[in-house]
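Residue numbers (our numbering): 1 to 231.
One or more of the hints may lead you astray.
[As the list claims (entries may be wrong)] List time: in silico EDC-like cross-link candidates among lysine to aspartate or glutamate, alpha-carbon distance up to 16 Å:
#, residue 1, residue 2
1, Lys72, Asp152
2, Lys72, Asp96
3, Lys205, Glu189
4, Lys171, Glu150
5, Lys205, Glu219
6, Lys205, Glu186
7, Lys130, Glu189
I should point out that these hints are in silico values taken from the structure, not numbers from a laboratory.
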Amino acid sequence: MAKSLLCCMNTGFPTVAGVKNRKPGWTESRGVQTLLFYVLIFVNVPEKAVCIAQNLLPYCGFSRTISIMMTKVLFVCMGNICRSPSAEGVFRHLIDEAGLSGVVEVDSAATHNFHIGEAPDARAQAAARKRGYDISACVARQITADDFREFDFILVMDWENLSALQQQCPKIYQHKLMLLMRFANEFEEATVPEPYYGGPEGFAKVLDYLEDSCQGVLEVVRKRATQYQAA
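When you get a sec, could you build the whole thing from the sequences and use the hints?
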């Protein structure tokens, strides 16, 4: 079983070599099913994991289908020129490294219309660039009614902007609104501070918070990227 899975991952093509020669029912054990589950979770390319699973599951004595769960993440701050585009850049980098760019979408938006159409603050771009993130292509926009419906996670930088969104968001989607820092592991602060009125050190501190919290978000979306669905 493990050898077959490794073969699939190394060649890039799903195979079931050797499976037909096994005794009936060998794949019905909980251990084998658990192994398959973890392959689905930890293979870096979810589409490849799905191919592997769909080729192996028919031999398990039960019928299932595997689907890729698209996850959409929206980062929100007041103007969409400092914190939220920086968060978008950090998180986009993380999902690319994790091989999840095909199943996770990321964007950022503002609660207010102060800077619509503008590029990120030059200081935010400079701070991001020092750590290997390119946020120059981000363009400030204001959150829309459609965003509440379309995004799975709407992650907000501070209490003020969270309150503003709670007043706009339909009750059915309120559960999607969360402070981004709830996903942080290293820092205990509840919010990401506004760096706009400070110096370069403020933008660097914001990136510290964003890298920590976005790593936590990554772990959540990684677990839900691929899921079983009953046939």
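Name the hints, by number, that the structure is in violation of. 5, 7
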